[in-house]
Structures are given as C-alpha cells and as structure tokens.
Amino acid sequence: MTTVFGVPLPAILGQLMLGLVNGSFYALLSLGLAVIFGLLGIVNFAHGAFYMLGAFAAYIGLQTFGVNYWFALLLAPLLVALLGVVIERLFLRHLYRLDPLYGLLLTFGIALIAEGIMRDQFGASGKSYPVPELLRGVFNLGFMVLPIYRAWVVVASVTVCGVTWFLIERTRLGATLRAATENAQLVQAFGINVPLIVMGTYGAGVALAALAGVLAAPVVQVSPSMGTSLVIVVFAVVVIGGMGSIIGAIVSGLTLGVIEGFTKVIYPEASNIVVFVIMAVVLIWRPAGLFGRE
Amino acid sequence: MRVRVVVYGLLGIAALAAPILVYPVFMAQLLCFAMFACAFNLLLGYTKMLSFGHAAYFGSSAYITGWLVSVHGWGTLAGILAGVAAAMLLGIVIGAIAVRRQGIYFAMITLALAQLVFFICLQADFTGGENGLQGIPRGSIAGIIPLDRDATMYYFVLAIFVAIYLLVRRIVRSPFGHVLEAIRENEPRAISLGYKVDRYKLVAFVLSASIAGLAGSLKALTLSFATLSDVSQGTSGEVILMTLLGGSGTFPGPVVGAGIVLTLQQYLSERVGAWVSVIIGAIFVVCVMVFRRGIVGEIQRRFAGRPPG
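Note that the protein sequences, when read in sequence, are chains F and E. At position 6 of the first sequence (counting the first as 1) the number is 6 in the working numbering, and the numbers step up by one without a gap. At position 56 of the second sequence (counting the first as 1) the number is 56 in the working numbering, and the numbers step up by one without a gap.
Okay, chain F solo, but in the shape it has when bound:
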C-alpha cells in the first residue's frame, strides 16, 4: 500500500476529505461573518450560536415534528434568520452609531443566553442526527472510499458560497448592498430603504450560519456548545482572509480546513492549534490579511 509520512494514502485522503468538510463549514460561517461585518460593521459573536441553533432546529424538527432533512435544510435557516432579524431590530440597530466593540459584546451576551437556554433544555451531551436516506453509503473511488454525505456537504457549501458571491458581486441587489456599505446616507437619499437592507443582510448572514448547522448535524454531535469553540476558529479564518473580503472568506475557509485535516495526519497534537498559528504568522507578515486591504 502507498504510504506518505508512514501513513497509508487512503487514511490521508480520508482526513483531507474531513478537513474539506470542516473547511466548508468555516467557509459558510466566515462568509456570513464577512457579509454582516461589511454592511453593519459588527463582528457577530453570536454566529456560533446561530450555527448551533440551526442544528438544533433540524434536530427538534425531526424528533418532535417529523420534519425530514430536506425541509429542515430550508426551514431551519429561515426560522433562525427570523430570530436574527428580531435581534437586529431590538438590539443591534441601536448600536450602529457607537464603537463596534459594543456590537461584539452584545452578540457575545446573546450567544451566552442562547447556549444557556439550550443547555437547560437539552443537557450538555451531544445528540446524533441521522444521515438522510438518500445520502447514505459511500462512493468507491478505487483509491479511497468517499462517504456520500461528506461529498454532499462540500458540494452544497461551495454552491451556496458561489451563489452568495454572485449575488453580492454581480447583481443589482448586490450593487445596492455594496453602495450602502460605502455610503449609507447617500444610498438612503436615492430612496432606498437602507435599514431594511441592513436587517435583511443580518438575517441572510445568520441564515448561512444556520444552514451550516443543518449540514453539520449528521456529521458532528448536536450539542449546545458546538458553536462556541468553532466561532473562535472562524474568527481566526476571517482574520487570515481579511475581514470584509467575500472571496477571502470562502477561499481561506476551505484552505484552512484542508490544512487542519493534513495536520491531523502528520502531527495530530497540533491539529486544533494550526489555524491560530497560521493566523499569527499571517499577521506578522501581512497585518491586513491575505485578501484584505489596509
């Protein structure tokens, strides 16, 4: 059998695939963060909590109401986005004129509340969510076996990321959005309802996080703390990519996932710190991030 670094090739490819799956979640989450930061100027600490709520919405949907995976994929992001919109209207809207640090602190508080409520309701232990029937089984590629669900996660995430990029960079709606980012007052003067756009953008960013949560539900344990440490990794990803860069968020998300997977093969002890180490190196070398501008 072919080995690399004394590890059989299929095992390496398996880890890389897992890394790509994680990278897909990083990409979806950092994309949402970048979109929200671009327009609202707020770093959404609650992003991990919304990811967790998305996964729980799917879990509760299945357990209590018998809602299957495919509907959950649509419904959970909508529901969580609705919650996000309410939070934007009630709280975040009053903070736009203040130092952006307050937005970070507020969303941190919201994340604590969400996590606490879920822990009280469902306990701290992880719940498992079954892989949907259609996506069970594996592809045998000859050199490795590829679980269908993992392939699906990567394809679905990359597609969603691509569509989001297209919407923002290539459509009229996206142009309005980018204009509002540059100069909200002027856009408002043209008769465009900027507060509505801001609300919608926050909702969309939150929906992306929830979607990642639903996609993740069958491959990770659904638990109240599943988003807590993830959001910190995603912050690091965003710092590496350069905050506010859509492409930067997607590319660095996927790449870092793969690098993490690769680290798991050659030096497992470092796998959960490699992203942070890369962040430190990037900051020393290019403080604005790989895709960012000063």
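If you are wondering where the hints come from, they were derived from the structure by calculation, not from laboratory data. Among these hints, one or two may not hold up.
Just a few of them, taken from the derived set where beta-carbon distance is under 7 Å, the chain E residues facing chain F [claimed, not checked]: (1) R101; (2) Q102; (3) Q115; (4) L116; (5) F119; (6) R189; (7) A274; (8) V278; (9) V288.
Keep in mind that this is a model prediction, so the values were computed, not measured. By construction, the Cβ of each residue, glycine as well, lies at the ideal position given by its N, Cα and C atoms.
With chain F's structure known, arrange chain E on it following the hints.
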C-alpha cells in the same frame, strides 16, 4: 475630598474585618478577580483595547505557579514571581502580534491566540489535562508566615491587592497613562504628535498581562487548584463583564463588578444550573444597551456631576 476619605476609611475597616463576617477564601478569591479586572481595565478603560483573551495570562500563571510550588517544591513567593514572569512573557509575544491591528481586529486576535494557549494547556503534561492541578500547597511567606490559615491568606492577598490598585492608579495618572488616554481618544492624532503608539500599547498590554498573571497565581494558591476553566474563554468573558458592569475607565469600577459577578455566580450556581450563563448573558445585553458607563460610572456622573475617568 472629605467624603472620599470617609469612604476609603470605611472600606479599609470593612476589608480588614471581612474574614470575621464572610468566608475568607471567598473574599480572597474575590480580591483576585478584582485585581484581574483592574488589570483588564487598564487596557479597556484607559487605552480602549478590548482584549478578549485575558484568561490566557490569568490561567497560565496559575498553572506555572501551581506546578512549580506543588511538583518542584518552590517557595510561594518564587512560584508567584515565576507565574507572573510567564504571564509577562506571554503578554509580550501575544501583545506584539495583536497591537498590529486595532479595535475589533485586536479583540478577535487576542481571542484566537488565547484559544491557542487554551489548547496548549489542554494537551501539555504539566497542567494535568482535564483534571488540572489539585492540592497546590500555599506554603509560607519567605518561610516566616505560614499561609495555611484562610484568614492569613486573605490578608496576604489583600495587601497585594491594595498595592496593585494603587499601582494601577499611579500608572494611569503618570505621563505614560496620559499618553494612553490620548491614544484612547484619538489614535491618529497621538501618532501625528510623534508618539510611538504601538510601543505604548504594547507596554500597557504587558503590564496588564502581568497583573492578570499575578491575580491568577494568587487565585491558584488561595483555592489550591488551577484548572482549564482558568484559561478558558468563559473566564475571559467574565473579566470583561466585571469591568463593563462596574464601570470601565473608573478605578473602583472593576472591583465593584468583580464583587457583583462573583457573588452572583456563587449564589446562582447552586440554584439555577445552566441558567447562570443565561443570566450572565442577559447582564451583558443590559450593560451594552442601557448601562454603558457601568455602575460606578453612572454614580460618578449623577452625584459628582463630572464625567467618569
């Protein structure tokens, strides 16, 4: 001025008499967190640098002190000094990377690097992994005064706390502190006036990290243990809340905040379980939405009729 003398006098008497009325270990722990919050306030309140990873210095110093004292039989004072030195070193490394960016980025970078420290503590051998370090002996002050009695330990922590409190005041009111405040108010202007802003910020960061480390060491000795929760994101969040709730940019604010948050936690954790984090989160939301000056800040504004700081 006379009011102030009376207030400080009463506080002094209360602090000295506290072990009679309240469990001294709790009081000592409270002072450790108050010291931690004062260190944090030096950054947030006077330089507007939101470090989201201050537990890294608090916790790693707790580990180093605990490890040297319990495994290697170091003396208490030497153990504390080594812990502070470790926190200082960590502060230099992380600070040098983090001060390259401002505001929100600074917060995210300190958070991420603190998570790095957390994972290292999780995997390193000397920290005892998930179990942490248990049964750290308190030892004695230079072999003369044993610290086994809780009340003695409390007075030891109290003395250090008072010294640090005065030191922080001295730093803020020094020419150095005024430069920090200038950076807080208008960083580009401070740069254009010729101040090497990054260097000032780094010094403030390292000072804050060192004091946070001192607080962590004393906490490890007071409670006789150091665990992963000392380096965790939760602890970083708590110290932010203490400072914010008490009033960032005021001297007594962090102390008041630490008192309230710790008392609340002690009281609630037995009664409401997972709701503690809901309540802490709700206090965060209330502080940010309607109470941005914090308790002491509001009092100063209403009664003294002058802006906080």
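Results of checking the hints against the structure:
{"no.": "1", "hint": "R101", "verdict": "holds, 6 Å"}
{"no.": "2", "hint": "Q102", "verdict": "violated, 10 Å"}
{"no.": "3", "hint": "Q115", "verdict": "holds, 5 Å"}
{"no.": "4", "hint": "L116", "verdict": "holds, 4 Å"}
{"no.": "5", "hint": "F119", "verdict": "holds, 5 Å"}
{"no.": "6", "hint": "R189", "verdict": "violated, 17 Å"}
{"no.": "7", "hint": "A274", "verdict": "holds, 4 Å"}
{"no.": "8", "hint": "V278", "verdict": "holds, 4 Å"}
{"no.": "9", "hint": "V288", "verdict": "holds, 4 Å"}
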